[in-house]
Amino acid sequence: GENVEQHPSTLSVQEGDSAVIKCTYSDSASNYFPWYKQELGKRPQLIIDIRSNVGEKKDQRIAVTLNKTAKHFSLHITETQPEDSAVYFCAASSYQAGTALIFGKGTTLSVSS
Amino acid sequence: KAGVTQTPRYLIKTRGQQVTLSCSPISGHRSVSWYQQTPGQGLQFLFEYFSETQRNKGNFPGRFSGRQFSNSRSEMNVSTLELGDSALYLCASSLGTGSPSNQPQHFGDGTRLSIL
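In order, the protein sequence lines correspond to chains A and B. Residues in the first sequence are numbered consecutively from 4, following the working numbering. Residues in the second sequence are numbered consecutively from 67, following the working numbering.
In isolation and in its complexed conformation, chain A is listed as follows (with noise of 0.2 angstroms):
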């Protein structure tokens, strides 16, 4: 079955850097990858999905790339505050799978000010 390694597992950088988390995937038929965002005691909150039809998108200052080729999509933050401070999880699902999302280990994030 699929499985979805994330990379690195905590990562903190100074406000106004840039962030990115990487994950890999090993089902070549995985086609949708969301990215979720959990803060402490809240609930997993869509932040970006990309298809595999999509080599890139962004929303404002979030970006996903996708390589399917190499089977890895990233997460890019840009211009990081205090409040992106959170754990980030990747995700990935197949056709085969249904709403089946195979998720990463996570990465916790801290943005110090």
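Hints listed in this document are in silico derivations from the structure and should not be mistaken for laboratory results.
Some chain B residues judged to face chain A by a derived CB distance under 7 angstroms, without partners named:
hint, residue
1, L109
2, N168
3, F173
4, D175
All of these numbers come straight from a predicted model, not from anything done at the bench. Glycine included, every Cβ here is placed at the ideal spot set by N, Cα and C.
The hints should help you fit chain B onto chain A, whose structure is shown.
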């Protein structure tokens, strides 16, 4: 639109008991998926319900079961509770029609289950 609502928020049970958790999806969403979140295993898919039918299932024992009602609300049941079942149980809803594998899923706040 109201978001995904899960009840109760917290539950304390003892080993051997059973528990039922509830999830009300976003209005118009017909698919409800359940996930278990633990520090060690992260977020793991339990199962998905659509139109009152289990459409997909993860690798959890038969003690974990669920159902969905005609209004798309879903319940999850865990029988013969074990210490290892202590976790945050999250449900997520999505439209469920068309191509379900690439539709955004929106999570509820979860039910924190503690087994003593």
